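Dock chain B against the given chain A, drawing on the hints supplied.
There are 2 protein chains.
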Amino acid sequence: MKQVQYSLSRWMEGGGPEAEIVISSRVRAARNIKDYPFSCLAAEQETAMVLEKINDMVLNKDKFADFIYLPMEDISELVKQALVEKHLISPYLAYESSNGALLLRKDEAVSIMINEEDHLRIQAILPGLMLEEAWQDTGYYDDLLESELDYAFDEQYGYLTTCPTNVGTGLRASVMLHLPALIMTGQINRFLGALPQVGLTVRGLYGEGTEITGNLVQVSNQVTLGHSEEEIISNLASVISQLIEQEKNARQGMLDKKRAELTDKAWRALGILKYAQVIGSTEAVQLISDLRLGYDLGLIKAVDHRLLNELLVLIRPGCLQLLAGKELEHNERNLERPIQIKQALDRFREKNQ
Amino acid sequence: MKQVQYSLSRWMEGGGPEAEIVISSRVRAARNIKDYPFSCLAAEQETAMVLEKINDMVLNKDKFADFIYLPMEDISELVKQALVEKHLISPYLAYESSNGALLLRKDEAVSIMINEEDHLRIQAILPGLMLEEAWQDTGYYDDLLESELDYAFDEQYGYLTTCPTNVGTGLRASVMLHLPALIMTGQINRFLGALPQVGLTVRGLYGEGTEITGNLVQVSNQVTLGHSEEEIISNLASVISQLIEQEKNARQGMLDKKRAELTDKAWRALGILKYAQVIGSTEAVQLISDLRLGYDLGLIKAVDHRLLNELLVLIRPGCLQLLAGKELEHNERNLERPIQIKQALDRFREKNQ
Chain A
-5 MKQVQYSLSR WMEGGGPEAE IVISSRVRAA RNIKDYPFSC LAAEQETAMV
45 LEKINDMVLN KDKFADFIYL PMEDISELVK QALVEKHLIS PYLAYESSNG
95 ALLLRKDEAV SIMINEEDHL RIQAILPGLM LEEAWQDTGY YDDLLESELD
145 YAFDEQYGYL TTCPTNVGTG LRASVMLHLP ALIMTGQINR FLGALPQVGL
195 TVRGLYGEGT EITGNLVQVS NQVTLGHSEE EIISNLASVI SQLIEQEKNA
245 RQGMLDKKRA ELTDKAWRAL GILKYAQVIG STEAVQLISD LRLGYDLGLI
295 KAVDHRLLNE LLVLIRPGCL QLLAGKELEH NERNLERPIQ IKQALDRFRE
345 KNQ
Chain B
-5 MKQVQYSLSR WMEGGGPEAE IVISSRVRAA RNIKDYPFSC LAAEQETAMV
45 LEKINDMVLN KDKFADFIYL PMEDISELVK QALVEKHLIS PYLAYESSNG
95 ALLLRKDEAV SIMINEEDHL RIQAILPGLM LEEAWQDTGY YDDLLESELD
145 YAFDEQYGYL TTCPTNVGTG LRASVMLHLP ALIMTGQINR FLGALPQVGL
195 TVRGLYGEGT EITGNLVQVS NQVTLGHSEE EIISNLASVI SQLIEQEKNA
245 RQGMLDKKRA ELTDKAWRAL GILKYAQVIG STEAVQLISD LRLGYDLGLI
295 KAVDHRLLNE LLVLIRPGCL QLLAGKELEH NERNLERPIQ IKQALDRFRE
345 KNQ
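First to last, the protein sequences are chains A and B.
Per the working numbering, the very first residue in the first sequence carries number -5; after that it's consecutive.
Per the working numbering, the very first residue in the second sequence carries number -5; after that it's consecutive.
So here's chain A without its partners, still in its complex pose (with noise of 0.2 Å):
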């Protein structure tokens, strides 16, 4: 599967609004199969009936002809690692999974997971501020397959779902953004202390558990019972947007202030990605937080959204992997990094001159 090392996913080519300040912006409905147990607790026999069903339904039709399909049993580990790394697939999927595959559309904005927690994981990923159509794609292919398969659905709580925090809507929304300026100044606390009284999350680039690194915040809603689809979107944008503008006050703060450090600062980030011979991921994706700052202020043009997207996903261990061709120990990732970011920064180079 060549395509994933290589193909940069649709969020990856940015250009989507409030592209300086939001990275992406995803949405995915879990959905199950009635009279089927759910996928994590059922025997392997079960979630092979589950798969087969799906399969059925969706293989060699029209609608679903822009697809791929990939049965996890099939892929390559640094493929799977690869794909997770691109926020297209769970680590769930890839390594807990029994019977689990995926089908991707051919753009990366759509995955289909099959035998996921769930049965069924939709998810849309876009570039930018775009949850209103990310939610849109998501319910475009749930209506698709919920014409042909009879959801596990609960008059008073709505969708059933293996773990609690999915029942309802099923829908889970998450925004990436890149908020150096509220995180250097500090401000951040205050919206980290506030957003789960609002039903939010905030956690780092790779979800749950991951530590903020690189300016990199993913903001979601916690539950998804007792609100409507509306309500979860609308409310997560409105936060959002309530983050963009702080962000860019605290930009602007900056700049007023701090110009030449600001320009100092991504001029030597995008120094030492070029010239480094060793470098680790958190200090790669702290340099490009500082470029990407510097792009964004207008400090900096030699670089573009589509090069720090791409360049955020190909430092990650599964990815640099597979560009390099081979697997690689933690010491030897560190002396690939440099020479993947080096000939990505070349590529750009060359197709701008």
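Since the hints were derived computationally from the structure, they do not count as laboratory data.
Since the model is a prediction, treat every value here as computed from it, not as a measurement.
Certain hints may be false.
Remember, identical chains collapse to one label, so a pair may be satisfied in a single copy or spanning two.
To be verified - Cross-link-like lysine-lysine pairs, in silico, DSS-like; alpha carbons within 27 Å at most: (1) LYS251 <-> LYS320; (2) LYS268 <-> LYS345; (3) LYS268 <-> LYS252; (4) LYS320 <-> LYS252; (5) LYS336 <-> LYS251; (6) LYS55 <-> LYS100; (7) LYS336 <-> LYS268; (8) LYS295 <-> LYS252.
The following block gives chain B in isolation, referenced to the frame of chain A:
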């Protein structure tokens, strides 16, 4: 005096023996004319007489045809500062002398200072380990001058000088060393303690009272009384050769253990020097040291000693302002420094393509 900013002094050209550790070798003789008061104690009228006497002897003489004559009162503060930064004159001559003047050989290897603390300071500075050669150069001009001037000389004490530490041979020999491995491993401390016991002094890049930065260390004889010129030179040369050997061993040890790290450090230094937009002189000197070590260990080839020496000088405030063509405040210098560094790197790359 445009040549001060663009010309490289002979020592900056690089290429002497042990150039991977020894940056330059310098010897100077302090001399006074009999029956004239020492310059630093003399009235202005008296220093004027000394200046006139020496000029009569020197100017328009064939043997000094390759010298230029620079009275301190005729040259700008910036040019003076640049001459100090290039180690061609002392800060005393530049800023405190009365009727001070410089006779500078056009290759900038020999400086004859008039009305420094002493009537005459004859200095030769050469690249690499060339103490003998520098001593010979100094001796040559010392003899030339002595053939026409009556020096203040005492049978018992030798040459009489203003400062008691110069009485005797009046000879001060010093070597500028790049000792990153001894400094990084802390082995330097052994030497710092021992050198005064053998009559030697250790200083930073800009002499007395300056800190060691960029792993650059100046070692010179402490007193000149009670030792012959031969003893002074050979004592210093012997200690220097031990320092060189220890530094070589320490470098080999680092290379065996930390090749990737040292390569990375050198390349990052180059990246930052090329891309930074704001840079202070202390950081610049440290980066130049990292780059120099990488070059001397064969880990990076994108530079040479000539460029590294040029960088070491052009980042200093005086040279920097001369190159910029205007006076600059501290903050403005930190913005100008990376511009001049980048231009020097570009000139080097163009020349070596």
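Which hint numbers doesn't this structure obey? none
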